[in-house]
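Chemist: Build out the structure end to end from the sequences listed, making use of the hints.
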Amino acid sequence: METPTETLKELSRLKIEEGAIGVNALEMRSYELNALIRDLVKKGFKGLNLYNVYGQRYIGAGLSGDITFKVYGTPGNDLGIFMNGPNMYVYGNVGDGCGNTMNDGLIAVYGHAGDIVGYSMRGGKIFIRDDVGYRAGIHMKGYRTAPTLVIGGCAGDFIGEYMAGGIILLLGLDESRRHETRFIGTGMHGGVIYVRGKITHLGKGAKMMDIDENDLRVICELVKQFCDLFNFNSSKIIKQEFTKIVPVSHRPYGRLYT
Amino acid sequence: MRPLSQVNNPYKDDKNIDACALFGMINIEGTRFPFKDPLKAISNMRERGNGLGAGFAVYGIYPDHKELYAFHVMYLNRQAKRRVEKSLEEEFRVVLSEELPTKEAKVSNPPLTWRYFVEPNTSKVNEEKITEDDYVMKNVMRINVSERGKALIFSSGKNMGVFKGVGYPEDIAEYFCLEEYEGYMWICHSRYPTNTPGWWGGAHPFSLLDWTVAHNGELSSYGANRRFLEAYGYKCTMQTDTEVLTYAFDLLVRKHKIPLELVPKILTPPFWDEIDQMQQKQKQLLTALRQTYSGLLMNGPFSLIVARQGQMIGLPDRMKLRPLTAGMGGSFLYLSSEEAAIRVVQPTLDKVWNLTGGEIVVGMVKAPAFVRLQLATMR
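Sequence lines, in order, name chains V and D.
Going by my numbering, the residue at position 93 of the first sequence is 1550; the numbering climbs one at a time, nothing skipped.
Going by my numbering, the residue at position 162 of the second sequence is 396; the numbering climbs one at a time, nothing skipped.
Because the hints were derived from the structure by calculation, they are not lab data.
Note that the Cβ used here is the ideal one computed from N, Cα and C, for glycine as well.
Just to be clear, a hint being listed does not mean it is correct.
Residues of chain D placed beyond 12 angstroms of chain V at every Cβ, according to the derived structure [what the hints assert, rightly or not]:
| id | residue |
| --- | --- |
| 1 | 416 |
| 2 | 495 |
| 3 | 531 |
Derived lysine-lysine pairs resembling BS3-like cross-links, with alpha carbons at most 30 angstroms apart [what the hints assert, rightly or not]:
| id | chain 1 | residue 1 | chain 2 | residue 2 |
| --- | --- | --- | --- | --- |
| 4 | D | 320 | D | 489 |
| 5 | D | 315 | D | 358 |
| 6 | D | 315 | D | 384 |
| 7 | V | 1527 | D | 585 |
| 8 | V | 1472 | V | 1503 |
| 9 | V | 1472 | D | 274 |
| 10 | D | 517 | V | 1661 |
| 11 | D | 392 | D | 358 |
| 12 | V | 1693 | D | 585 |
| 13 | D | 384 | D | 320 |
| 14 | V | 1681 | V | 1701 |
| 15 | D | 585 | V | 1655 |
| 16 | D | 274 | V | 1527 |
| 17 | D | 517 | V | 1655 |
| 18 | D | 300 | D | 489 |
| 19 | D | 392 | D | 489 |
| 20 | V | 1655 | D | 515 |
| 21 | D | 392 | D | 372 |
| 22 | D | 270 | D | 340 |
| 23 | D | 491 | D | 363 |
Modeler: Spelled out as structure tokens, the structure:
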């Protein structure tokens, strides 16, 4: 039950800001912070600025609607899990499982991400300015919309593993480092991966194809959005060659039981 | 705020099914510091543990007795204590023996815990023509095996000590009065036991001589590793896969004098098809290592923090199935399961990165800031 002390404690964390409410997340446990966020959303706040975030998990979990989060700090695992519409801007690095099974909305990370970013993503867009860890976009799928994951830096191995739908764009903007990601698209049977520059190691079930007009249009649009968010020069990025990776088969085991 | 239990947590479950938490920090100047920061960091990853095991290894903790081996021993009963003490008197000169300071804390069924500062019986060491370290190892193994869990020497290095048990990190820290100690390196672990029971001896870090290992994940190669190590006199007594790592490091680095940078090429070696593409000399080396130490290949999902006097080492498995983040700030190198745990004690870092599979990171006291060796994959 709600007690007066708890209300006071909660109030001391909050601050009305221009068009938003600020939350000081210092030393809050994951469930406390998420319960507070849900409470504020229920009360009608459309902008939430979260400060001093240190490892709290599941921020924005399952929320719908036109809400904008600004997250300052280092959020924990499963940021934006099951999220269904809000926009989330993160000024820091994120942990593992960012955008897990996200349905709609936007996550933009002004930093790097851990492993399995975009895990089982079903819709919406994720933009990561710097590197991502292993298995980015694992099991992404597209139903009515194509989930989209754009990575500015390099990726760990197994990017697009078991991918079933959607778009991954890997830009590798740090010219001093080549793409070292191996096992790209292992076991993929849907969707498409675009990689800027050459790649060296494809996974089983994936093949390379040439870029066509349609691909270029998709790439240009995503690069433009990426550059708008993170302040890069898009014409310079577009100039370089892109490689397209698609599944060898959409039903690799289709004949197994026939 | 309404309590979560009434909103969307009907089963009153305030934890998540997840893996263990690792954290380590080393001051490369060798300056000692208290438990506040390491405890704050490991406690920040509370969701990764479930209160069934936590522990700390502290280096530089006993400067007044730094020439002596410091044994920390758990006893389930007084008879075990009498037996072990008799054995210690026979094989060692016991300079100081005392109960480890403890106080009331949220821990369940703590055993008796004693500490002994000892030096090996010189004439026996000379007689056996082995090194003091080997003599200590042999006796620690012998006592741990013969006591069958009734007594356990869980820390046996010089100027370092392990404190561990069943509880959350903050409970274990309180129970063992960690506020009384300082060290230049702290290795911390919070456990979420999966395959083996949560008991006091099974908490991490595992230790032998001045080696300690804290581990997240599992070793599916445990059986093969154990057989290989048993041939070299190591006895596995702690009911968990992690201890083989401790012994593997001891065998390779201390006994076989394998340079540290080659160790990941044995534990987490490149795949054969990668070796095939290497230059002749490198290919020969890696083939020889894989063939000689095939029984030490560590398979399965894991990330590790390994430490010994003056060194802290981080290593994730080849497929990177468990997380490990490294950070540098000021005179510190940090290793952690989650970056946020580093930031909570050091918000501004000079450098922070997620390790790649098989990448070893080594922090050394009085070494150039840190040594980063990307070897196992050798791309």
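Chemist: Does the structure keep residue 1693/V and residue 585/D at a Cα separation of 30 angstroms or less?
Modeler: holds (28 angstroms)
Chemist: For the pair we were handed, residue 1681/V and residue 1701/V, check the Cα-Cα distance against 30 angstroms.
Modeler: holds (19 angstroms)
Chemist: If you draw a straight line from the CA of residue 315/D to the CA of residue 358/D, is it 30 angstroms or shorter?
Modeler: holds (23 angstroms)
Chemist: Keeping to a limit of 30 angstroms between CA atoms, is the pair of residue 1472/V and residue 1503/V held or broken?
Modeler: holds (14 angstroms)
Chemist: Measure nothing beyond the straight line between the CA atoms of residue 585/D and residue 1655/V; if it is 30 angstroms or shorter, mark the hint as holding.
Modeler: holds (28 angstroms)
Chemist: Is residue 1655/V close enough to residue 515/D, meaning Cα to Cα at most 30 angstroms?
Modeler: OK: residue 1655/V and residue 515/D at ~28 angstroms, within 30 angstroms.
Chemist: Are residue 1472/V and residue 274/D close enough, with their CA atoms no more than 30 angstroms apart?
Modeler: holds (26 angstroms)
Chemist: Starting from residue 491/D, check that the Cα of residue 363/D is at most 30 angstroms away, please.
Modeler: Cα-Cα ~19 angstroms, so holds.
Chemist: Run the distance test for residue 315/D versus residue 384/D: straight-line Cα separation, threshold 30 angstroms.
Modeler: holds (9 angstroms)
Chemist: Taken at face value, is the distance from the CA of residue 320/D to the CA of residue 384/D at most 30 angstroms?
Modeler: Satisfied, since the Cα-Cα distance of roughly 15 angstroms is no more than 30 angstroms.
Chemist: Are the Cα atoms of residue 517/D and residue 1661/V separated by 30 angstroms or less?
Modeler: Distance ~25 angstroms between residue 517/D and residue 1661/V Cα, so the pair holds.
Chemist: Between residue 517/D and residue 1655/V, does the CA-CA distance stay at or below 30 angstroms?
Modeler: Holds, because 26 angstroms separates the two Cα atoms, which is no more than 30 angstroms.
Going down the numbered hints, you'll see the structure goes against none, and every one checks out.
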